[in-house]
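Enquirer: Take a look at the letters that make up each chain.
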Amino acid sequence: MTITLEPVIHGDRVSLLRVLGPAHVWALGVGIVLVGEFTGWNFAADKGGALAALIVCWIVGLLYTSVAMIDSEVTSTVAAAGGQYAQAKHIVGPLMAFNVALFLVFAYTMLEVSDAILLGDTIVAKAGVEGLNHNAFIAATIVVLAWLNYRGVLMTLNVNFVITAIAYISIVILFFSVSPWTQGAVLKLNELVTPENALPYGWIGVIAAFQFGIWFYLGIEGTTQAAEEVRSPARSLPYGTMAGMITLLIAAAMTWYVCASLMPWEYLGITYYPLWDAGKLTGSPLLENLLFVATLLAALASANGCINDAARAWFSLGRDRYLPSWFSAVHPRYRTPYRSILFLLPIALAFAFIADLNQAITFSILSGVLQYTFMSINIVMFRKKWPLASIRRGYTHPFHPLPAIVLFCLCVVTYFAIFLGFGSQLIAMVAFYFLISLWFHFYRYKFVRRGDQFTMPWPRPQGY
Amino acid sequence: MWVALSYASWGISIVLALWMLYDWFKVDTTYTEDVLTSSREGELEAVSEKHRI
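Order-wise, the sequence lines are chains A and B. Residue 225 in full-length UniProt numbering is what sits at position 225 of the first sequence, and the numbering runs on without skipping anything. Residue 7 in full-length UniProt numbering is what sits at position 7 of the second sequence, and the numbering runs on without skipping anything.
Be aware that one or more of the hints could be misleading.
What the hints assert, rightly or not - Computed, partial: chain B to chain A, Cβ under 7 Å: (1) Trp2; (2) Ser6; (3) Ser9; (4) Ser13; (5) Val15; (6) Leu36; (7) Ser39.
Stated by the list, open to error - Computed Cβ-Cβ distance ranges for the label pairs, DEER-style: (8) A/Gly451 to B/Thr30: 30 to 40 Å; (9) B/Asp28 to A/Phe447: 13 to 23 Å; (10) A/Tyr201 to B/Phe25: 51 to 61 Å; (11) B/Phe25 to A/Asp356: 44 to 54 Å.
Everything labelled a hint here was simulated from the structure, so no lab data went into it. Remember, it's a predicted structure, so these values are computed and weren't measured experimentally. The beta carbon of each residue, even a glycine, is placed where N, CA and C say it ideally should be.
All chains should be built: construct the whole structure from the sequences, respecting the hints.
Expert: Take a look at the structure:
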């Protein structure tokens, strides 16, 4: 096999390519998240019953709407690869930025691992062949998607757009196939969710359900990682992110309604394939197979977006010398952060082969919630240091500081919910970030070129 | 069929992994480290965004 390396270096530098539009931003955000409708959210029913899953669907939807609004404002102003990392660097400071980048890399890599395990397990479940192992399918998922990401961001997100759209349309088809306007024909919500079993563990069950309610929307903030590769960040990022959030709210509502109307909460809360099972329960082989394929596509789209985002966060750390600058190399032909993609590939494979799905999901959620907590503080500091009149913003979110307060409060509730289920992992993860922060502060930061890392042409912040 | 698909998955994974390693080696030996790590954050922004109110 031979390749031709064309002279594609424009000017003095090799940079990431600005080729993406709002549809790609939507594909990145919704692609990462949509797998949560196919598995994950339903474990909320196990924690607190079917009604608890619906309550957290809406309340966590509020959390993520706040995330999307806040993110859209800051990212349309700090348009750089690394997303929240670049935001933290400019607004809070280097130590926070280092931690945020690690939250991002952990959240996306662990989500990619979970997606690959899910895909492998789904194929093995469908095959029903004794002795068939999921490792081959896990390896193919991670390596093929890493290769796609290696070859260029445009094709990567074009593929994500198509497979995400197919998976989304399959939910819509399922919804309209079960006559949602008629209870009793196929759906039996009034029989399955009754006043006696709606909240089997009371309101503490609702709080416990927050941990898995996050799966309805986990990852929508990943749209910001495309900031350096979209043609018009100030327009595309808010538009793509908000459109993605609206899409997901609709998908979450349809998913809950169909699944809660077809399965008792005791089963819904433990199955790994709520939508695929819903397809089977309709009795239609076509719907069953459609939902099987859609589950695979949703897992693929999510893993694909996660590889894209984790690599850009890692690349940004290298570019600012928070990690060795070796990681900041851009492929001169494909214009991708190829060394970061390749570095994270064996790590994802190793975790996928040895970790169990629940552990990987929990680490991903924990890192995500740490990141959301940062975002609530970040936006308050952003508005204070650079008020509305001081710099141009692509988007200004309404009702400030209400979304930040809502976001912070919901993060606190979610920490409590995670503590109820995975307290030791929560403590271990916080201890890890504390120790790695000490390493960064006392050792690594001396390698950083301090003046070079702040790149936004903004006026001096107020109060400085 | 599923077992054959499993072997095909291993095969595709190995071929693509080797291709990426080959391409990585080729790029790293063709271009200097200064060129490969020359990307700078916010460079385009400084040109295109004036930040005037």
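Enquirer: Just to be careful: measuring from the Cβ of B/Ser6 to every Cβ in chain A, is the smallest value less than 7 Å?
Expert: holds (4 Å)
Enquirer: So, as I understand it, the hint says B/Trp2 touches chain A; can you test that by seeing if any CB pair is closer than 7 Å?
Expert: B/Trp2 check passes; min Cβ-Cβ to chain A is 4 Å, inside 7 Å.
Enquirer: At a threshold of 7 Å, is the proposed contact between B/Leu36 and chain A supported by beta-carbon distances?
Expert: This hint holds: B/Leu36 lies near chain A, its Cβ roughly 4 Å from the closest one there, short of 7 Å.
Enquirer: Tell me if the interface restraint on B/Val15 is satisfied: Cβ within less than 7 Å of some Cβ in chain A.
Expert: The hint is violated - B/Val15 has no Cβ within 7 Å of chain A, the shortest such distance being about 9 Å.
Enquirer: Checking hints one by one. Is B/Ser9 an interface residue toward chain A, by the C-beta closer than 7 Å rule?
Expert: holds (4 Å)
Enquirer: Next item in the hint list is B/Ser39. Is there a CB on chain A closer than 7 Å to its CB?
Expert: With a minimum Cβ separation of about 5 Å from chain A (threshold 7 Å), the hint on B/Ser39 holds.
Enquirer: Does the hinted range 51 to 61 Å hold for A/Tyr201 and B/Phe25 at CB?
Expert: holds (57 Å)
Enquirer: Tell me if B/Ser13 is really an interface residue toward chain A, meaning its C-beta lies closer than 7 Å to one of theirs.
Expert: holds (4 Å)
Enquirer: Should the hint that B/Asp28 and A/Phe447 are 13 to 23 Å apart at their CB atoms be regarded as holding?
Expert: holds (22 Å)
Enquirer: Is 44 to 54 Å respected by the C-beta to C-beta distance linking B/Phe25 and A/Asp356?
Expert: violated (35 Å)
Enquirer: Go ahead and decide if the range 30 to 40 Å is satisfied by the Cβ distance of A/Gly451 to B/Thr30.
Expert: holds (32 Å)
Of the numbered hints listed earlier, those contradicted by the structure are 5 and 11.
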